[in-house]
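Protein sequence lines correspond, in order, to chains A and B. Counting from 1, one number per residue, gives the positions in the first sequence under this note's numbering. Counting from 293, one number per residue, gives the positions in the second sequence under this note's numbering.
To be clear, the hints were calculated from the coordinates, so they are not data collected in a lab. Just so it is clear, CB atoms sit at the ideal spot from N, CA and C, and this is done for glycine as well. Hints are not guaranteed to be accurate.
Stated by the list, open to error - Only pairs whose alpha carbons sit at most 27 Å apart, straight line, appear in this in silico DSSO-like list of lysine-lysine:
#  : chain 1 : residue 1 : chain 2 : residue 2
1  : B       : LYS413    : B       : LYS445
2  : B       : LYS531    : A       : LYS209
3  : A       : LYS267    : B       : LYS524
4  : B       : LYS503    : B       : LYS448
5  : A       : LYS217    : B       : LYS448
6  : B       : LYS531    : B       : LYS568
7  : A       : LYS34     : A       : LYS58
8  : B       : LYS524    : A       : LYS217
9  : A       : LYS148    : B       : LYS438
10 : A       : LYS283    : A       : LYS209
11 : A       : LYS79     : B       : LYS579
12 : B       : LYS446    : B       : LYS457
13 : B       : LYS579    : B       : LYS568
14 : A       : LYS58     : A       : LYS79
15 : B       : LYS568    : B       : LYS445
16 : B       : LYS503    : A       : LYS60
17 : A       : LYS217    : B       : LYS503
18 : B       : LYS342    : A       : LYS209
19 : A       : LYS209    : B       : LYS438
20 : B       : LYS552    : A       : LYS240
As the list claims (entries may be wrong) - In silico negatives: residues of chain B with every beta carbon more than 12 Å from chain A:
#  : residue
21 : ASN362
22 : GLY477
23 : GLY534
Given next are the chains, with one letter for each unit.
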Amino acid sequence: MPVKIAIASGKGGTGKTTVTVNLYHFMSKILNSKVQIADCDVEEPNASIFFEELESAKSKQVTQLIPFINTDTCTFCRKCVDYCEFNAIIVIPPAQFAEVSPSLCHSCGACLYACPEKAIIEQPNEIGQINTFNHGVDESFLIEGRLKIGSSMQTMVIKDLVKDDWINKEVILYDAPPGTSCSVVATITQANYIILVTEPTPFGLHDLKLMIDLVRKLNKPFGVIINKADEYSDTYTYLKEEGIEILAEIPFNIDYVKSYAQGSILKNIPSDIESVYTGITQKLKNKLIHHA
Amino acid sequence: MLEITVLSGKGGTGKTTITAALASMVSPAIICDNDVDAADLFLILNPEIKQEGTFLSGQTATINTDLCSNCGICHSLCQFDAIELTNNEYQINPFNCEGCRLCERACPESAIETKPDNGHKWYESVTRFGSFVHAQMEPGEENSGKLVTFIRKKAKALAQAQNIKIILNDGPPGIGCPVIASLTGTNIVLLVIEPTLTGRHDSLRVIDLIKNFGIPAYAILNKSGINNDMEKIIMSDLKDQGIPLLGKVPYSILFRDAMKEQLNILEHAPESESAKAIQLIWNRLNKIKSESQLLTHQ
């Protein structure tokens, strides 16, 4: 069974992708395991940006099945309208009009089940893509979901991504989207362990608490990485009171911010950053890999 | 009425920080936090709640195991993998259930019931900058887009009641369902971009989305100074996309200090370069705003 680790944060911009990319780098090196990144931030997938000499490998469409009502066989009985909980179907009997709105449809299949005339069929509608990338000999080391611009079905793309056959290495790192909604749940339910990346600010702490609430509801083991660490004591006090493990503190460093800006965090890694990630990797190994 | 929505694509570029600073100058306006699943603006606005309520949006099914005959029909019909077989009993995973009621309708034993979710809290508050509409989504829930639409309607009603002409929306990150809910029907988008490779990449995706909606967008380059080359690239992107740059806000640790004091940058460090830059941006936006109000009145 692969070891599955999700990296989430609640607040955006705390360093989820930076942590994911570094963990990929150090876990591959130290553990001698095949590590794979699954970029689940399908609205803004950008883990691939941090790797040079990246090669696009495989690609496939993610589709949503949208019901289509055949008005030749439809009797305009409106049973489908009654069954649709999402108000996605409009049927106007006098006008012999029956249509499904793709933007409201959840593809639950209730209308197909309802239709006594079998007048409804499902047709695929593109909502995004799944892409893999190679890095030298490391094939499909990165797999990403990419939401089609204009689609609001981000969670459906994530659900397809996380169960894809192309996710097949020994250690999987799921890079989660920001926020605390269903798209985050779809990402982190896959994981055996969750890393919450926070920044020690009032915004960071507030969103961290929401995430802790969520991972506790999901009954997942987790630990916290404090990124851009400084002396904001509320975060530390809270974590101590709650008995939550701090996996690591990553010091704030303006030079590191600058190399992040260029997208070159894997080049000339500062020694303090290296020792932080070596430490995290050891902790994760003790926690997850011995028992796996 | 003029609605201004602050977006970014990438999270953490400074949407809320900029919105909080604009709040000092935009008065009288209704401020509305559209980032309902990580709502942070209240931490600076320090609202006094005047009215609150619950927005019921979703529903979830449950199986009564005493009535269930374990036929498995619900399991085979569910499109959301929400029905799980554990210890020989079918159970519903509430996080996966989308409340479509297909299982309930199909169950031959009538063993399934669908009940409304607890719902999300919404608030109408008073702050030192005027009225503020905000919400807190229950963590893990869906329908955050519907909640955004709901609180935006509340903000509009409040603006009408108070005869206020401007709504300032602090938007969510990304380009998906809550962002679409935040964009629909707004008049101006303020795009907060940070000069990083990811900031650039993500801004291009949200720009594409905004163009689909045909809404005029104006850019603010935040955290200016951390990478000059990237700034140049982003400025050339903006030129290509026909998006005017309202100004650059210098990167400063003062923003973090201000946040800790529950203040915006204009209150915490009014003489700082960053505060002055935001004032300049506001002056430019004000000009554009009056022009576009003329347009909407015509």
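Each hint tested on the structure:
With a C-alpha separation of about 15 Å, the suggested pairing of LYS413(B) with LYS445(B) holds against the 27 Å cut-off. Annotation: proposed proximity of LYS531(B) to LYS209(A) is violated, straight-line Cα distance about 40 Å (limit 27 Å). A distance of roughly 23 Å separates the Cα atoms of LYS267(A) and LYS524(B); the hinted pair therefore holds under the 27 Å criterion. A threshold of 27 Å between alpha carbons decides the hint, and for LYS503(B) with LYS448(B) the separation of about 24 Å falls inside it, so the pair holds.
In summary, the hint linking LYS217(A) to LYS448(B) is not supported, as the alpha carbons are separated by about 35 Å, beyond the 27 Å threshold. Only pairs whose Cα atoms come within 27 Å are accepted, and LYS531(B) paired with LYS568(B) is accepted, the gap being roughly 24 Å. Of the supplied pair hints, the one linking LYS34(A) and LYS58(A) holds, its CA atoms being roughly 18 Å apart against a limit of 27 Å. Between LYS524(B) and LYS217(A) the CA atoms are separated by roughly 45 Å; this puts the pair beyond 27 Å, and the hint is violated.
For the suggested pair LYS148(A) and LYS438(B), the alpha carbons sit about 20 Å apart, so the restraint of at most 27 Å is met. Our distance criterion of 27 Å between C-alpha atoms is met by LYS283(A) and LYS209(A), whose separation comes to about 23 Å. As the CA atoms of LYS79(A) and LYS579(B) are separated by approximately 54 Å, the hinted pair breaks the 27 Å bound. The straight-line distance between the Cα atoms of LYS446(B) and LYS457(B) is roughly 14 Å, inside the 27 Å bound, and the hint therefore holds.
Simply put, LYS579(B) and LYS568(B) have alpha-carbon atoms about 17 Å apart, close enough for the 27 Å limit, and the pair holds. Distance check on the hinted pair: LYS58(A) and LYS79(A) sit about 42 Å apart at the alpha-carbon level, beyond 27 Å; violated. Proposed proximity of LYS568(B) and LYS445(B) is contradicted: the alpha carbons are some 33 Å apart, above 27 Å. A threshold of 27 Å between alpha carbons decides the hint, and for LYS503(B) with LYS60(A) the separation of about 26 Å falls inside it, so the pair holds.
Between LYS217(A) and LYS503(B), the direct Cα distance comes to roughly 39 Å. Violation of the 27 Å bound is thereby established for this hinted pair. With a C-alpha separation of about 25 Å, the suggested pair LYS342(B) and LYS209(A) falls inside the 27 Å cut-off, and the hint holds. Note on LYS209(A) and LYS438(B): the hinted pairing holds, with a Cα-Cα distance of about 23 Å set against a maximum of 27 Å. Proximity of LYS552(B) to LYS240(A) is assessed by CA-CA distance (about 20 Å); at most 27 Å being required, the pair is judged to hold.
Chain A leaves ASN362(B) outside its interface by the beta-carbon criterion, the shortest separation being 20 Å against a cut-off of 12 Å. With a least beta-carbon separation of about 15 Å from chain A, GLY477(B) lies farther than 12 Å from that chain, consistent with its non-interface assignment. For GLY534(B), the condition that its CB be more than 12 Å from all CB atoms of chain A holds, with the nearest at approximately 17 Å.
Violated hints, in rising order: 2, 5, 8, 11, 14, 15, 17; the structure is consistent with all others.
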